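J.: Could you put together the complete structure from these sequences and hints?
Top line first, the protein sequences correspond to chains A and B. All residue numbers for the first sequence refer to the working numbering, where the first residue is 126 and numbers rise by one. All residue numbers for the second sequence refer to the working numbering, where the first residue is 10 and numbers rise by one.
Chain A stretches covered by chain B per the calculated footprint, using a threshold of three residues with CB under 8 Å from any CB of chain B:
hint, segment
1, 314 to 324
2, 384 to 390
3, 395 to 407
Treat the hints as calculated values from the structure; they're not laboratory data. This structure is a prediction, so every number in the text was calculated from the model and none was measured. For every residue, glycine included, the Cβ atom is placed at its ideal position computed from N, Cα and C.
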Amino acid sequence: MGTTDRLLRVEDLKLHFRTWRGPVQAVDGVSFALDRGPATVVVGESGCGKSTLARAILRLLPRNVSAYTGNVWLNGTNIMTLNEERFRRQVRWVKMALVSQAAMNSLNPVIRVGDQVSEPLRVHGVSTNKKEALRQAEEVFRLVGVSADFLERFPFELSGGMRQRAVLAMALITHPDLVFLDEPTSALDVLTQTSIMNVLKGIKRDLGVTFVLITHDIATSSELADRAAVMYAGQLVEFSSAHHFFREPLHPYSQKLMASVPTLREDKKLEFIPGRPPSLLDPPTGCRFADRCSSRFGKCVEEPPFRDVGEDWWVKCWLHV
Amino acid sequence: MTEQALLSVRDLHTWYELRKWGFFRTGHVRALDGVTFDLRRGDAITIVGESGSGKTTLAKTLLGLVPPTKGEMVFAGERLDGKKKGKALAWLRANVGFVQQDPYGALPPFMTVERILSEPLAVHGVPRREQEARARAVMDEVRLTPQDDFVHKYPHMLSGGQQQRLVIARAIVLEPKLVVADEPVSMLDASVRVEILQLLRRIQKSHDLGVMYITHDLSTVRYFSEYVFVMYAAKIVERAPVHELIRHPLHPYTQALLTAISDPDPENAHIQKEVPPGEPPSLAHPPSGCRFHPRCKHRIAELCSTTEPTTFEPAPGHRVECWLYRQGGEG
Numbered sequence: 126m127g128t129t130d131r132l133l134r135v136e137d138l139k140l141h142f143r144t145w146r147g148p149v150q151a152v153d154g155v156s157f158a159l160d161r162g163p164a165t166v167v168v169g170e171s172g173c174g175k176s177t178l179a180r181a182i183l184r185l186l187p188r189n190v191s192a193y194t195g196n197v198w199l200n201g202t203n204i205m206t207l208n209e210e211r212f213r214r215q216v217r218w219v220k221m222a223l224v225s226q227a228a229m230n231s232l233n234p235v236i237r238v239g240d241q242v243s244e245p246l247r248v249h250g251v252s253t254n255k256k257e258a259l260r261q262a263e264e265v266f267r268l269v270g271v272s273a274d275f276l277e278r279f280p281f282e283l284s285g286g287m288r289q290r291a292v293l294a295m296a297l298i299t300h301p302d303l304v305f306l307d308e309p310t311s312a313l314d315v316l317t318q319t320s321i322m323n324v325l326k327g328i329k330r331d332l333g334v335t336f337v338l339i340t341h342d343i344a345t346s347s348e349l350a351d352r353a354a355v356m357y358a359g360q361l362v363e364f365s366s367a368h369h370f371f372r373e374p375l376h377p378y379s380q381k382l383m384a385s386v387p388t389l390r391e392d393k394k395l396e397f398i399p400g401r402p403p404s405l406l407d408p409p410t411g412c413r414f415a416d417r418c419s420s421r422f423g424k425c426v427e428e429p430p431f432r433d434v435g436e437d438w439w440v441k442c443w444l445h446v
Numbered sequence: 010m011t012e013q014a015l016l017s018v019r020d021l022h023t024w025y026e027l028r029k030w031g032f033f034r035t036g037h038v039r040a041l042d043g044v045t046f047d048l049r050r051g052d053a054i055t056i057v058g059e060s061g062s063g064k065t066t067l068a069k070t071l072l073g074l075v076p077p078t079k080g081e082m083v084f085a086g087e088r089l090d091g092k093k094k095g096k097a098l099a100w101l102r103a104n105v106g107f108v109q110q111d112p113y114g115a116l117p118p119f120m121t122v123e124r125i126l127s128e129p130l131a132v133h134g135v136p137r138r139e140q141e142a143r144a145r146a147v148m149d150e151v152r153l154t155p156q157d158d159f160v161h162k163y164p165h166m167l168s169g170g171q172q173q174r175l176v177i178a179r180a181i182v183l184e185p186k187l188v189v190a191d192e193p194v195s196m197l198d199a200s201v202r203v204e205i206l207q208l209l210r211r212i213q214k215s216h217d218l219g220v221m222y223i224t225h226d227l228s229t230v231r232y233f234s235e236y237v238f239v240m241y242a243a244k245i246v247e248r249a250p251v252h253e254l255i256r257h258p259l260h261p262y263t264q265a266l267l268t269a270i271s272d273p274d275p276e277n278a279h280i281q282k283e284v285p286p287g288e289p290p291s292l293a294h295p296p297s298g299c300r301f302h303p304r305c306k307h308r309i310a311e312l313c314s315t316t317e318p319t320t321f322e323p324a325p326g327h328r329v330e331c332w333l334y335r336q337g338g339e340g
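T.: This is the structure:
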């Protein structure tokens, strides 16, 4: 899939968890490739494996992993073969960073914001000089639109929007190529959300950072999206340009998902998706969406391939083979 | 006050006391600061506002969970003062249903669906032989069917959408006149949000209920009610029919809010949106004059920062608290 000069290439990535009811197939055979520059949004219902996908790529794993296989190339290097120490020193936070869900509420309350934001520099061995680290923190603060005065403050003195900008600064301070944002604005107010999306657009344009935005809020995701990945039940079902996803998605699930998004400015008839996603403990063997799909036919009892239908537009559906 | 109003709220204030060391009074947080409106039986209104704008405090005050500091609430001919006890409180609880934001948190994990629905009936003295029939009837209404599949289930065995339908069923099982729904869909996936809103809407119509839908998400409003109130910093700043508000927002805050809301459109990624600077004011020390003036790009020098705007009605049924519309005459 694609050539080796792509920024990130994921091939058949699997991450299963062990639970007392059996293995949960949280991410099950995901393949895709990203270029440097364009931002990708990953959308899907809760529990479809969006956040787990980011954690699998960054190798941030809990203890109950039962299977973790596949290949991930970053700038042509297969990072799945690196040992943990090298992964930590060379990849995590240095090349790829993560703003995890609710990160703004996990800042340490008794440490000054500036020290926390510059911590990745020291931990990942980029800069050991504290003064230099603080100077760099000041720089990223300016980038995300926070005054340098806030470096001296404690987290409780910052509003929600300010804290979110601070954790974003923390992800950017090591100048990573790729930043995963897991629901970065869903706990914030509409106006704050919009100003943070403005900041992200500016960083994408001016610094060329590649963002992967994980969200269930499809309308807001369109603010940043150049490409869109749709996940369903642990698998990628469609991967296309933002234009194709928002205007004419091919997979029946993507179509239903788009039809359920309310619009402010146009009067459209909203639909909802009947039923619920399958359990990841024992997902159906064929197409995982077949039970809820209105266009299913005989072939759907077999698992469809994830195929390129042209223009780097991938669909996992028997209708488009 | 109109005769047919189901709920009539006049100049309602709810202030929370601020104390230092748990003892000295150091001021108030003005969570609700002079709210006036009427709600007729069978009408649905939406209250839109950001967090901290006072919308949840309004719900709590109406439900009698927080006593109002000042002002008047009349519900179905009864004055509410937040201090009701005994029979009067039971009457209020039976007549005002509440749908919470987080369905899982609102349901007792150790009770089955059947018990959750018959508990309010038992508390309000409905004979046991009627309880089951009424619980089943209400399950049919929220489409938790076939009922036999659900009656013995516990909340954790239901999906998010089913849990919220159960919360709605519990809210209407006593046949209330008014339902207050505080962010009923914000914890749910987009794919089930619509289903829940359509369900609430259908129940509202078929039972001739008054419904107060509280949300921060303006994009869902048009799928639910005809009339919207916009709250900012503890006050209602604009009220209008939904389509009118979306097409011709008048208050600079509403305009900013509408600009900020995205529709799923790939073109969004190529434009920077205009956002008013700053953040909502502290309700312990709200700004003088219009509360939006420090962030407003249309502010009128001297006037907006010193004098609180009164209500103007530039178009019939569309009222706004903003000095920009003073030529329109007071409404």
